[in-house]
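The lines below spell out each chain.
Number of protein chains: 2
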Amino acid sequence: MRLVVARCTVVYAGRLDARLDEAIRLLMVKADGSVLVHADGGSYKPLNWMSPPCVLVEREGVWEVTNKAGEKLEITLHEVMHDTAHELGEDPGLIKDGVEAHLQVLLSERPQVFGEGWTLVRREHPTAIGPVDLLLRDHNGAYVAVEIKRRGEIDGVEQLTRYLDLMNRDPAISPVRGIFAAQEIKPQAKTLAVDRGIECKVFDYDALREIDDGKLRLF
Amino acid sequence: MRLVVARCTVVYAGRLDARLDEAIRLLMVKADGSVLVHADGGSYKPLNWMSPPCVLVEREGVWEVTNKAGEKLEITLHEVMHDTAHELGEDPGLIKDGVEAHLQVLLSERPQVFGEGWTLVRREHPTAIGPVDLLLRDHNGAYVAVEIKRRGEIDGVEQLTRYLDLMNRDPAISPVRGIFAAQEIKPQAKTLAVDRGIECKVFDYDALREIDDGKLRLF
DNA sequence: TGTTGGATCTCGAGC
DNA sequence: GCTCGAGGTCCAACA
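Protein chains in written order, with our numbering: chain A, 200 to 418; chain B, 200 to 418.
None of these hints come from the bench; they were simulated from the model.
Be a bit skeptical, because a hint or two may be false.
When chains are identical, the list treats them as one kind, so a pair holds in a single copy or across two.
Within a straight-line C-alpha distance of at most 30 angstroms, the following computed DSS-like cross-link-like pairs (lysine-lysine) qualify [unchecked claim]:
#: 1; residue 1: Lys295; residue 2: Lys389
#: 2; residue 1: Lys400; residue 2: Lys389
#: 3; residue 1: Lys389; residue 2: Lys244
#: 4; residue 1: Lys271; residue 2: Lys295
#: 5; residue 1: Lys267; residue 2: Lys295
#: 6; residue 1: Lys400; residue 2: Lys229
#: 7; residue 1: Lys229; residue 2: Lys389
#: 8; residue 1: Lys271; residue 2: Lys389
#: 9; residue 1: Lys400; residue 2: Lys244
#: 10; residue 1: Lys267; residue 2: Lys389
#: 11; residue 1: Lys385; residue 2: Lys271
#: 12; residue 1: Lys244; residue 2: Lys385
#: 13; residue 1: Lys244; residue 2: Lys267
#: 14; residue 1: Lys229; residue 2: Lys267
#: 15; residue 1: Lys400; residue 2: Lys267
#: 16; residue 1: Lys400; residue 2: Lys295
#: 17; residue 1: Lys271; residue 2: Lys400
These numbers come from a predicted model, not from an experiment.
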């Protein structure tokens, strides 16, 4: 990886046309040939860039980065403040913990955490507009649809509402009520859910995992 | 901006849980406090990051980056290969040219490019499900709704279809027919549009711009 | 191989 | 402040 800090101007012509007027920026050239132009702010997105595979040709203070699709990034260097290269090697990459999926499995295996005598009908219960995370029956045999999120926000409540509207038109399972389950539920989402007669349940993921591991059997 | 190249491990706990096993990476600390962890490949997206506003606390080879929402990025430095800081200053920012908005303005100023004697009713004509890009009347006074995209794909046709369904329920303007206008229209989108009785029109942006500049008056 | 939907989306406009 | 739509969206699962 090559790191260059320089006063530069940039022109991009490709899927759109754009330019960057003269300023000091970080130019990052990765081992795969990709080039990133970063300012000292904003988010993780560069001001401008060229994705691999691409070719960088450098001559007389001008970098010309092109790819097969004919896109072109032209960087004119007016003053170079810093220029270093570094061997980084391969990266093992990001490892994600799939919380929502795992939470769904944990809860489907322990429907009794929702209430005494509750049972699982099925996970990913299909409807015309998509699968409901969990379909349960309570101790009276009444159907309950559960929407599971890691962080409960308004759109999750909306989603569950749509499922409930649809499922309550099906005489085979109607009436179906709803539970919005998450590790954390935003106040706005809770307010909306309660207003719509949807129960909110907050679960501690680590505690559920311990139940799953057989360390706790308190329910 | 501070640039650190180091052998490091990273743990992120926030909107999801993720980790990066030990490897050499670039750590970029921007003036606004944001931190980016880049590998020597991949796309312009960092492997891991924390967006501003956030706070970086450094002690004994461990960086702890936190924000108000309680998200945490923890970077453990095992070996530092490079560590420099640079004054970049404010950035004038990216200037885009040739966006959908400009195309909309150009077409709204030249409704006659759709047909002889056509007039503009209004740009961003409001409907219950959102604004239609252009509402025109043809030489007979019949209403025409225009959806403008840079690249015409299926979802654009779907969007226009929804607008047309809604607008045709309004006796004040019904019947309304549709035109799907873009710089380029995908075959699938064209097929769907034609099937629904929607006319497709492909515009050359540069030619329209020249009309706008007064260099061409051929319509 | 195209297509679809999610994203620690980001970004900007409109309200 | 937020909500909604677009993005050089990117990205991966899936048909």
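Outcome of the hint check:
no.	hint	result
1	Lys295 <-> Lys389	within (28 angstroms within a copy, 40 angstroms between copies)
2	Lys400 <-> Lys389	within (10 angstroms within a copy, 47 angstroms between copies)
3	Lys389 <-> Lys244	neither (33 angstroms within a copy, 33 angstroms between copies)
4	Lys271 <-> Lys295	between (34 angstroms within a copy, 15 angstroms between copies)
5	Lys267 <-> Lys295	between (33 angstroms within a copy, 22 angstroms between copies)
6	Lys400 <-> Lys229	neither (45 angstroms within a copy, 39 angstroms between copies)
7	Lys229 <-> Lys389	neither (45 angstroms within a copy, 36 angstroms between copies)
8	Lys271 <-> Lys389	between (47 angstroms within a copy, 25 angstroms between copies)
9	Lys400 <-> Lys244	neither (36 angstroms within a copy, 34 angstroms between copies)
10	Lys267 <-> Lys389	between (47 angstroms within a copy, 21 angstroms between copies)
11	Lys385 <-> Lys271	between (43 angstroms within a copy, 19 angstroms between copies)
12	Lys244 <-> Lys385	both (28 angstroms within a copy, 28 angstroms between copies)
13	Lys244 <-> Lys267	both (23 angstroms within a copy, 21 angstroms between copies)
14	Lys229 <-> Lys267	within (18 angstroms within a copy, 32 angstroms between copies)
15	Lys400 <-> Lys267	between (49 angstroms within a copy, 24 angstroms between copies)
16	Lys400 <-> Lys295	within (24 angstroms within a copy, 45 angstroms between copies)
17	Lys271 <-> Lys400	between (50 angstroms within a copy, 25 angstroms between copies)
Violation of the numbered hints given earlier is confined to hints 3, 6, 7 and 9; the remaining hints are satisfied by the structure.
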